[in-house]
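The listed protein sequences derive, respectively, from chains A, B and C. Just so we're aligned: the first sequence equals residues 1 to 239 in this note's numbering. Just so we're aligned: the second sequence equals residues 1 to 258 in this note's numbering. Just so we're aligned: the third sequence equals residues 1 to 73 in this note's numbering.
It is worth saying that the hints were derived from the structure and are not from the lab. Any given hint might turn out to be false.
Stated by the list, open to error - With the Cβ distance kept under 8 angstroms, some of the chain C side facing chain B (calculated, not the full set):
no.	residue
1	Ala58
2	Met66
3	Phe68
Claimed, not checked - Think about it this way: if two alpha-carbon atoms lie no more than 27 angstroms apart in a straight line, the pair counts; the simulated DSS-like pairs of lysine-lysine are:
no.	chain 1	residue 1	chain 2	residue 2
4	A	Lys131	B	Lys20
5	A	Lys45	A	Lys102
6	B	Lys149	B	Lys90
7	A	Lys163	A	Lys174
8	A	Lys131	A	Lys145
9	A	Lys174	A	Lys159
10	A	Lys102	A	Lys118
11	B	Lys84	C	Lys42
12	A	Lys202	A	Lys212
13	A	Lys78	B	Lys84
14	B	Lys198	C	Lys6
15	A	Lys102	B	Lys198
16	A	Lys78	B	Lys206
17	B	Lys84	A	Lys118
18	B	Lys20	B	Lys33
19	A	Lys172	A	Lys182
20	A	Lys152	A	Lys163
21	A	Lys182	A	Lys159
22	B	Lys62	A	Lys118
23	A	Lys61	A	Lys45
24	A	Lys159	A	Lys172
25	B	Lys84	B	Lys149
26	B	Lys198	B	Lys20
27	A	Lys78	A	Lys61
28	B	Lys62	A	Lys125
29	B	Lys149	A	Lys78
30	A	Lys102	A	Lys125
31	C	Lys6	B	Lys206
32	A	Lys118	A	Lys131
We put the beta carbon where it would ideally sit given N, CA and C, even for glycine.
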Amino acid sequence: MALRLLTKSASVARPALAAQRSTASVAIRHMATSAEEKQVSPESKAQSIIDSLPGNSLITKTGYVTALAGAATYLISKEIYVFNEESLVLLAFAATFGGIVKNAREPFNAWADEHINKIRTILQKARVDHKAAVEDRIDQVGQMKDVVDVTKALYALSKETAKLEAEAFELKQKTAMTAEVKSVLDSWVRYETSVREREQSKLAAYMIEKIKADLADPKLQSQILVESINQVEKIANKA
Amino acid sequence: MTTFINTVFINNPLEQFEIKEFFYMGGPLLGAKFSLTNIGLYLIIVTILVLGMSYLSLNNNKVVPSRWSIVQESLFGSILNMIKSTIGGKGEAYLPFLYTIFLYVLLSNLIGLVPYSFTPSSHFVFGIGFSVAILIGVTILGFQTHALKFFGLFVPAGTPLGLVPVLVMIETISYLARALSLGLRLTANMIGGHVLLKIFSTFTWKAVIGGPILLLISIIPFAFIIAFTGLEIAIAFIQAYVFTMLTASYLNDAINLH
Amino acid sequence: MLQSAKIIGAGLATIGLAGAGVGIGTVFAALVNSTARNPSIKAQLFSYTILGFALTEAIGLFALMMAFLLLYS
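Here chain A stands alone, though its shape is the one from the complex (with noise of 0.2 angstroms):
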């Protein structure tokens, strides 16, 4: 508590002293007569210091400043909090501190925005990216959106050449077998038929002879001519 009394006691010093400062500075400039730079008036200054005191009205300003002096001197006074050589290590500290924070957070703040912002844009460039890459993909996909009655047709369509080719394969076996049924039934033809023919030429042969031998006997030889002189006679009779 004591030390944020301080604090807040230097805090409210410190605007006076610059205000002190200020006033000096404007008197060396009336004696100078070269008012080149801008000026800040007391007034303007001391409004500035007012504003930056809490509360709202200028009596509650006041009584702020008022009950925080208070507070000091009874603290200082009933030896809460006494003034020594660490006073000054700590106003020296605060000062240090203070330039520190003062000089080192603007570029501090700059540096930390910029890098902060850098690893956002990688990242939504990252994002955009994988937006990009998955939207070509849909794309690509989209243009097979087809693909499955196209798959279905060649699959009917191979299906059915399959059948085709067996059937066809079927009948070649077909054919074949009866190729291979008639030539064999080719060759049992041909062989019959030499057999036949072997036989009927036995055959001939054996009548030639048997006629041959009938021929020779005489009985046989008058009724032929018996007979064929009948016909004569019929178809002289007939003439």
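Take the given structure of chain A and dock chains B and C to it, following the hints.
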């Protein structure tokens, strides 16, 4: 003479490093005394700070870092770079160890700079405890990796045979002295800096309460105090970095044998 | 008597800081030299310099610590 001493040195500048007990428990039953001292309290605070910093830098597991996590990331990156340049690829396994040491030592150094506080790293038990533990661990690691070849560390390459006993003695001593020097360097730096600040502020305080003219003059030493505070902040970083770097180079000796 | 001896001893112990001063000067002189010769490796040189500075400064602080030990023990 004594009056001179009394006026110049009213307070012992080493007084700020005194260890005070806040409370303790113990007694006949426990046999030992368990106490919370200021160094214990500050070590606990540092631990909480390290954990808290690391927890905050998680940034709710978001991919895009916050400003806070960028600081940690860059610290992490610089430690990683340092390890890569000192140990090489094999050393990346020790990155968490070295990073933790760096953060812990750095915050112990920095917390001492806050006024009215206590510097845990200004105690030999802190620095030398750390360095002895590191040296023991590094030695175990070396024997585990290289077995008896680890003794080759004590014989530099290309030594004439006659010099070997002497050199082995010297190297052994310098190896063991690391345990002391590593912690001593950190602690001495911290003590030195804080004592310097204390003495300067004591002198300046004498001037501040001395009178109106001295008060005006005391602005000059006060500026020095501010400068020393800045220097101390820089030294806190440098010493933490050097501590980590030397630990890394000792690890390098154990892993790569020179 | 003892007090004055202590103060004298502490003062003598700080002589050691001269060496540290020379050392730190040498370290940074080397940094300036090497940066002038090869500015492209400035960052690497600077990290080595910081290491060298810390090591040298630590040696000086050992002397300072001796002085404190003499003064306050």
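Hints, one by one, checked against the model:
no., hint, in the structure
1, Ala58, "4 angstroms, holds"
2, Met66, "10 angstroms, violated"
3, Phe68, "6 angstroms, holds"
4, A/Lys131 to B/Lys20, "64 angstroms, violated"
5, A/Lys45 to A/Lys102, "21 angstroms, holds"
6, B/Lys149 to B/Lys90, "18 angstroms, holds"
7, A/Lys163 to A/Lys174, "16 angstroms, holds"
8, A/Lys131 to A/Lys145, "21 angstroms, holds"
9, A/Lys174 to A/Lys159, "22 angstroms, holds"
10, A/Lys102 to A/Lys118, "25 angstroms, holds"
11, B/Lys84 to C/Lys42, "18 angstroms, holds"
12, A/Lys202 to A/Lys212, "15 angstroms, holds"
13, A/Lys78 to B/Lys84, "58 angstroms, violated"
14, B/Lys198 to C/Lys6, "20 angstroms, holds"
15, A/Lys102 to B/Lys198, "26 angstroms, holds"
16, A/Lys78 to B/Lys206, "22 angstroms, holds"
17, B/Lys84 to A/Lys118, "25 angstroms, holds"
18, B/Lys20 to B/Lys33, "14 angstroms, holds"
19, A/Lys172 to A/Lys182, "15 angstroms, holds"
20, A/Lys152 to A/Lys163, "16 angstroms, holds"
21, A/Lys182 to A/Lys159, "34 angstroms, violated"
22, B/Lys62 to A/Lys118, "15 angstroms, holds"
23, A/Lys61 to A/Lys45, "16 angstroms, holds"
24, A/Lys159 to A/Lys172, "19 angstroms, holds"
25, B/Lys84 to B/Lys149, "24 angstroms, holds"
26, B/Lys198 to B/Lys20, "19 angstroms, holds"
27, A/Lys78 to A/Lys61, "26 angstroms, holds"
28, B/Lys62 to A/Lys125, "17 angstroms, holds"
29, B/Lys149 to A/Lys78, "69 angstroms, violated"
30, A/Lys102 to A/Lys125, "35 angstroms, violated"
31, C/Lys6 to B/Lys206, "23 angstroms, holds"
32, A/Lys118 to A/Lys131, "20 angstroms, holds"
The structure does not agree with the numbered hints 2, 4, 13, 21, 29, 30 stated previously, though it agrees with the rest.
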